[in-house]
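Peer 1: Chains C and X supply the protein sequences, listed in that same order. So the first sequence is numbered by our numbering: it starts at 13 and just counts up by one. So the second sequence is numbered by our numbering: it starts at 13 and just counts up by one.
Mixed in with the good hints there might be a few duds.
Residues of chain X clear of chain C, computed beta-carbon distances all greater than 12 Å [said to hold, decoys possible]:
#1 P59
#2 H60
#3 A138
#4 E172
#5 L199
#6 E205
#7 S210
#8 L242
Partial chain X-side listing against chain C, Cβ under 10 Å, derived [as the list claims (entries may be wrong)]:
#9 L19
#10 P115
#11 G116
Source of the hints: derived by calculation from the structure; they are not laboratory data. All residues carry an ideal CB built from backbone N, CA and C; glycine is no exception.
Protein chains: 2
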Amino acid sequence: MKATSPLSRVSVVLVRTSHPGNIGAAARAMRTMGLADLVLVAPRHFPHPEATALAAGASGVLEDARVVDTLAEALADRVLAVGFSARLRDLSHAPRDWREEAPGALAATADGPVALVFGNETSGLANDELLACQRHARIPADPAYPSLNLAAAVQVACYELALAAAAFPMPARARREAATGADLEALHARLREALEASGFLDPREPGRLDERMRRLAARLDLEKEEVALLHGMLGALSPRR
Amino acid sequence: MKATSPLSRVSVVLVRTSHPGNIGAAARAMRTMGLADLVLVAPRHFPHPEATALAAGASGVLEDARVVDTLAEALADRVLAVGFSARLRDLSHAPRDWREEAPGALAATADGPVALVFGNETSGLANDELLACQRHARIPADPAYPSLNLAAAVQVACYELALAAAAFPMPARARREAATGADLEALHARLREALEASGFLDPREPGRLDERMRRLAARLDLEKEEVALLHGMLGALSPRR
Numbered sequence: 013m014k015a016t017s018p019l020s021r022v023s024v025v026l027v028r029t030s031h032p033g034n035i036g037a038a039a040r041a042m043r044t045m046g047l048a049d050l051v052l053v054a055p056r057h058f059p060h061p062e063a064t065a066l067a068a069g070a071s072g073v074l075e076d077a078r079v080v081d082t083l084a085e086a087l088a089d090r091v092l093a094v095g096f097s098a099r100l101r102d103l104s105h106a107p108r109d110w111r112e113e114a115p116g117a118l119a120a121t122a123d124g125p126v127a128l129v130f131g132n133e134t135s136g137l138a139n140d141e142l143l144a145c146q147r148h149a150r151i152p153a154d155p156a157y158p159s160l161n162l163a164a165a166v167q168v169a170c171y172e173l174a175l176a177a178a179a180f181p182m183p184a185r186a187r188r189e190a191a192t193g194a195d196l197e198a199l200h201a202r203l204r205e206a207l208e209a210s211g212f213l214d215p216r217e218p219g220r221l222d223e224r225m226r227r228l229a230a231r232l233d234l235e236k237e238e239v240a241l242l243h244g245m246l247g248a249l250s251p252r253r
Numbered sequence: 013m014k015a016t017s018p019l020s021r022v023s024v025v026l027v028r029t030s031h032p033g034n035i036g037a038a039a040r041a042m043r044t045m046g047l048a049d050l051v052l053v054a055p056r057h058f059p060h061p062e063a064t065a066l067a068a069g070a071s072g073v074l075e076d077a078r079v080v081d082t083l084a085e086a087l088a089d090r091v092l093a094v095g096f097s098a099r100l101r102d103l104s105h106a107p108r109d110w111r112e113e114a115p116g117a118l119a120a121t122a123d124g125p126v127a128l129v130f131g132n133e134t135s136g137l138a139n140d141e142l143l144a145c146q147r148h149a150r151i152p153a154d155p156a157y158p159s160l161n162l163a164a165a166v167q168v169a170c171y172e173l174a175l176a177a178a179a180f181p182m183p184a185r186a187r188r189e190a191a192t193g194a195d196l197e198a199l200h201a202r203l204r205e206a207l208e209a210s211g212f213l214d215p216r217e218p219g220r221l222d223e224r225m226r227r228l229a230a231r232l233d234l235e236k237e238e239v240a241l242l243h244g245m246l247g248a249l250s251p252r253r
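With the hints as constraints, model all of the structure from the sequences given.
Peer 2: What follows is the structure in structure tokens.
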């Protein structure tokens, strides 16, 4: 990881969290997505063994967490605070979907540190807490039961941000040696020959067999090694002449 | 929710889950994203009070869950099984990022039911379990600590699928009555007048004040009601002539 990753400039702020287990699980969620800066505003219990247990390998995030009394303190040095809200209170100030907002939040890290703010498990962010945030974001969810667990919401929020940052691309896979057109033609010829020799295919009445086998083979996206394997199998299965 | 939602044709299959709390939390995660079909392959403890507690409002998902002995049973009627894997075993069969795979999995629901398969908390999916899946997916994560909690992985997986299905769009927001160009011009004129009357602005030496105020106002994306409010404030603040 580059020290200059924009994710290192994003903190997660948990406001008035009731259950210490959620703090630990949120720390773990952050860590899996490359975030490390946790701020706790007036947590009910912290530190707490349950938080430590659920943080698993992310205990460092808990150890470095800052505990403050007010949201204003947590946001004092932030150039942008995004408040997460599941409920749609005042529709004229409705939150926008986080997937739309995440790239902007990421871009804001060029100006200074950014905060993602999550409210209490039961009541969410209070109105005055939401007003302290410049942006409101929503994680799309089933209106019949939109109640994501706090740490699950943190997981999704950090995941979106990590993907917006393209922070963890797939490692390059071992280069595969793909079969060429000539490999495939040779395989089809071998198959036809074997099927004719076996009597399965009548060369005077081929029907659509060739077409169907070609459609099948096209979907296989074969490697050279697999073509060789199939040649071998066809050879072994073919009736001896 | 439409009864025909493709999400209703996707099951989550948890294989050899150790901790019943994770089963409950996974059920909750599914429910928030509109999935309801949970299959448990040889869970260590189920049913279990901890599962029920962590399912919160999604206890119905647990009550309807099917428990089977083998992964083959769970997948017998599925047209597609996607195995989730954090580790990059054999790079020639590396999983692809779930965001890329999710639309294809969703499309497959047109052919029949689909399964998302998650392994044991500690060991993940065994090789033979992965081989029973036609696709392998990965949730991008920090290589330094890629260890998402099981329910957190289920949350992200279902979230991606729900977004691929555009299942839960933002409800239409109250129509805002945006300010027009004429509204803004009138506001700028009023501001200029007030500032001149107050002596803050010398009309012979206006400098760049007008430009700066226009840039500010442009960012505000004002509503008609807000323009009226600002007019009122300017009127009250202006020195009486």
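Peer 1: Work down the list of hints and note, for each, if the structure agrees.
Peer 2: So, going through the hints one by one against the coordinates:
Non-interface status of X/P59 relative to chain C is upheld: no Cβ of that chain comes within 12 Å, the nearest being about 20 Å off. Listed as a non-interface residue, X/H60 keeps its Cβ farther than 12 Å from every Cβ of chain C; the least gap is roughly 17 Å. The beta carbon of X/A138 is kept farther than 12 Å from every beta carbon of chain C, the shortest such distance being approximately 21 Å. The claim that X/E172 is not at the interface with chain C is violated, since a C-beta of that chain comes within 12 Å of its own (minimum 9 Å).
Annotated as non-interface, X/L199 keeps its C-beta farther than 12 Å from every C-beta of chain C; the closest such distance is 20 Å. Every CB of chain C lies more than 12 Å from the CB of X/E205, the least distance being 30 Å, so the non-interface label holds. Non-interface call for X/S210 relative to chain C: holds, since the shortest CB-CB distance, roughly 30 Å, exceeds 12 Å. Chain C leaves X/L242 outside its interface by the beta-carbon criterion, the shortest separation being 17 Å against a cut-off of 12 Å.
Look at X/L19: its Cβ gets to within about 9 Å of chain C, closer than 10 Å, so that hint holds up. For X/P115, the interface hint is violated, since its Cβ never comes within 10 Å of a Cβ in chain C; the closest pair sits about 14 Å apart. Evaluation of the X/G116 hint against chain C yields a violated restraint, the C-beta minimum of about 13 Å exceeding 10 Å.
Hints 4, 10, 11 from the earlier list are contradicted by this structure; the remaining hints agree with it.
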